[in-house]
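K.L.:
Construct the entire structure; sequences and hints are all you get.
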Amino acid sequence: MTGSVSAEMDLTWRYAASAPMRRFLEGVAEGRLEAGRCTGCGRRYLPPRPFCGRCRLAITEWVPVTDRGVLEAWTLVHLPIRDGRSGEMRPSPYGMGLIRLDGADTTLNHYLQLPDGVEPRIGDRVQAVWRPERRGAMDDILHFEVIR
Amino acid sequence: MNPVAVIGTGQTRHTRARDDASQADLVREAASAALTDAGLRPDDLDAVIISNMELFEGRLHPELWVGEAAYATGRPCLKVATGGTSGTSACIAGFHQAGSGAFDLVLVVGFEKHSEGHTQTGMALTDPFWDRAVASGAVGNFALSISQYMAARGVTERQAAQVAVKARHNAARNPHAHLQMPDLTVEQVLESRMLAHPLRMLDMCPQSDGAAAIVVASAGATRDMATPAAWVHAASTRHDQPYLGDLDRRMATMEALRSAAAEAYSKAAIGDPLSDIDVAEIYEPVTYAELAWYEALGFCPEGEAGRLIDEGITSMEGTLPVNPSGGVLSTNPVGASGVIRVAEAAAQLMGRAGEHQVPGAATALATGYGVYAWSDVIVMRSEEP
Ligand SMILES: [Zn+2]
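Chains as they are written, first to last, in our numbering: chain U, 1 to 148; chain V, 1 to 385.
Hints were generated in silico from the structure; no laboratory data involved. In this text, all values refer to a predicted model and were calculated from it rather than measured experimentally. Any given hint could turn out to be false.
Simulated restraints, written as ranges between beta carbons of each label pair [said to hold, decoys possible]:
{"id": "1", "chain 1": "U", "residue 1": "R134", "chain 2": "V", "residue 2": "S32", "range": "52 to 62 angstroms"}
{"id": "2", "chain 1": "U", "residue 1": "Y15", "chain 2": "V", "residue 2": "T185", "range": "44 to 54 angstroms"}
{"id": "3", "chain 1": "U", "residue 1": "S18", "chain 2": "V", "residue 2": "L125", "range": "13 to 23 angstroms"}
By construction, the Cβ of each residue, glycine as well, lies at the ideal position given by its N, Cα and C atoms.
P.N.:
If you want it as structure tokens, here you go:
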């Protein structure tokens, strides 16, 4: 016999951000991006974090990052996916990209807004589009647009 | 570590939904088959290791619910969960246990019953502030990496489709495999539904219900036994940094896999992997990954993975058959998939791989993959180290 059990669960998470992530998210609420820079290897980390996994050193430096960058990878997703934050289904197809923001050495995984008929290219310049009412979360950036 | 060997393997039949069996039934099916293969009784075991990604089933403490099915009652039992590498990590933990002198006979069982839970939801439960809003699951993330890999290496959709065909043709000779498609063609793969550009339905692994088990023995324990043994010559594991954005050009570089392979090859004295290894069971969740891993594992120089598949070098008849079992592309119960790689590699060395046996295989490779950041590389031989 095979049965199914359906239950609606209200899952609310608390989140202790750590000092670097807190400073970062407070910056996001003001439309400002910063990366943590490791004094050992010089790598500029986004998200910022307390330590560099490569050097095993504490990260104490901050460097500014712009909300523009380079598209390092892209895809157009045709599968409908439930948004992990809102719980809503995201209409497909939608674009996604790996973006290296000017001033960071790591890449950011985010949505890509594609004008009709435009196929992105690796190396394209992209610009963040911000939510008008920011609240200090990564989805304060709604998506990135290709600048041609 | 003292020498250790795999002396028995067992697998369930893997399918989309094993409605005839509970999670515990699957675990017992694989565990019992492995014991029979090793010629052992349950009481012979000293310890048990279980591999499972419990967020996928949404049932807490699998080691508790399936422990008795794995003969763990009244003896040491651990659970290992490291994403896609869970199964290979569990096997390596078993090697360490038997190689440390702590135990002589260790049973490692991995299982997943994807049909009972929400794999997509489990995978979306990443860092709530950083990437949960953009968590697109495995498919979107693979597609991103693949766009970089294609640009860097010039592999084509047709070459990826050839990997899909090879896997499903091989699977047709493996009675345990989930997707058995002896007549699949490259054109059918290229015409299958687009999931996330350029990734199509038949480029992806399935989600399977199933379990797999191995019995690991210390060198001392093997002395008393008549069963053939697959000896572990190297077992290396690597973890990289946590956020996917930390890992530069993931598929083209795959630093965790390259680093683990370099160490394992050095320990096992493998100079030229293509000629020194007789059979490989590698963890390829998507067609393009198999091509990328050919390069990361040193089967060919950078940029020549496409040529390997074009020329059939990794087919059953080629120089180095890769995934005679059909691989993860044909069967993927995640917690079991790494154990299946090790079990298949060991069965090849013991001459027990049936219709998909590579004749005379004496050196075998098994790998595990988890979200680009986790890699396991295992080299086994029929000869004792
Ligand atoms: Zn550093």
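K.L.:
Next step is simple, just say for each hint if it's right about the structure.
P.N.:
Now the hints, each set against the structure:
Look at R134/U against S32/V: about 58 angstroms separates their beta carbons, and that is inside 52 to 62 angstroms. Distance hint check for Y15/U and T185/V: the Cβ-Cβ separation is about 49 angstroms, which falls inside the suggested range of 44 to 54 angstroms. For the pair S18/U and L125/V, the beta carbons lie near 19 angstroms from each other, so the given range of 13 to 23 angstroms is met.
When held up to the earlier numbered hints, the structure conflicts with none and fits them all.
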